[in-house]
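Add chain V to chain F, keeping to what the hints say.
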Amino acid sequence: MHALTVTGYLVLVLAMALLAAAPHVRPGLVVSFGSMLEEVMRERPARVTIMVFWWWLGWHFLTGA
Amino acid sequence: MSEQHDAGRSPAMAWVWIGVLALTSSVQFGRGAPIDGAVFAVFAALLAAERVGLLPNVRPARGPRGPRGPALVLLALGCAVVLIVAPFDGGVSRTVLVLIGLGSVAYFWPQERPPRSPRQPASAAARTPPPASERAIRRRTAVLWAMLVVLVCLWELAAFFLGHGGAAAEQAHPTISSLVEPFVASPWGRLVFVLVWVMGGLALLRVAQRAGARR
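Going line by line, the protein sequences match chains F and V.
The working numbering puts the first residue of the first sequence at 1, with every later residue one more than the last.
The working numbering puts the first residue of the second sequence at 1, with every later residue one more than the last.
Just chain F, with the same shape it has in the complex (with noise of 0.2 Å):
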């Protein structure tokens, strides 16, 4: 089971790779991430919910907590 677990993981770590990549490998398909990153982050709550998850895992890692 633990390689299930891990093997899950992976699977989805690659499909963000791809994701990430399908604009650069089929234009018009998806826009980049960055792009969609930008337009989502026009909104507040948006932009501070993402600020506030990138700062928590910093405090998860790094503090032990």
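Calculated from the structure, these hints are not laboratory results.
Glycine included, every Cβ here is placed at the ideal spot set by N, Cα and C.
Fair warning: there could be bad hints in the mix.
To be verified - Distance ranges between label pairs, derived from CB positions: (1) V:His164 - F:Leu18: 29 to 37 Å; (2) F:Pro27 - V:Leu55: 35 to 43 Å; (3) V:Leu54 - F:Gly28: 19 to 27 Å; (4) V:Val52 - F:Leu14: 35 to 43 Å; (5) F:Pro27 - V:Val52: 39 to 47 Å; (6) F:Leu18 - V:Arg135: 20 to 28 Å; (7) V:Val52 - F:Leu18: 24 to 32 Å; (8) F:Gly28 - V:Leu77: 37 to 45 Å; (9) V:Trp15 - F:Pro27: 17 to 25 Å.
Unchecked claim - Pulled from the structure, derived: some chain V residues nowhere near chain F, Cβ distances all over 12 Å: (10) Ala48; (11) Pro67; (12) Pro70; (13) Leu74; (14) Leu77; (15) Gly78.
What follows is chain V alone, placed relative to chain F:
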């Protein structure tokens, strides 16, 4: 509602983001991390209060501003050095992280100008709307990324709950944290993690500034 109170407001999606924070807060409290839960809850409450007009809109400062450009990068690198060399779960790391969090709010919270309409956010107000085909591509991109993020969260949550039956169950169903923490606990792992985290924060800030936050 005044123009000031319209800033940063789009209808349902804003509440979705607030809901994400509130849901994450409850998960954090549920897993026995009250400080983490409180942080998510505070930001959910602040955003909700701003949405209903209990808080004034904060616009980017026109006068003296905080560090920008190279000065901000140097400051971030200074924080990174402290986080790399400070004891793993000591007061110094926590203090620096709290200061980084408070400083980040000053950069990410302000909204450049109010959206003209729910579908035309702040910095897009002066632009002509993109054609329907481009909007469809953008929507497709957002949906695909959202699906992947939700899948990661569900997989992580499943591992968290399935791993609660003792050491064997925890070993069989590792969470992302249990996989990453041993790496971060090593000196080189901590160095890599801190640098990636700090650079990620600077990249997010740059995107936020382009998107209409503090300039």
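Q | Structure versus earlier hints, numbers of those that do not hold, lowest first | A | 3, 7, 9, 10
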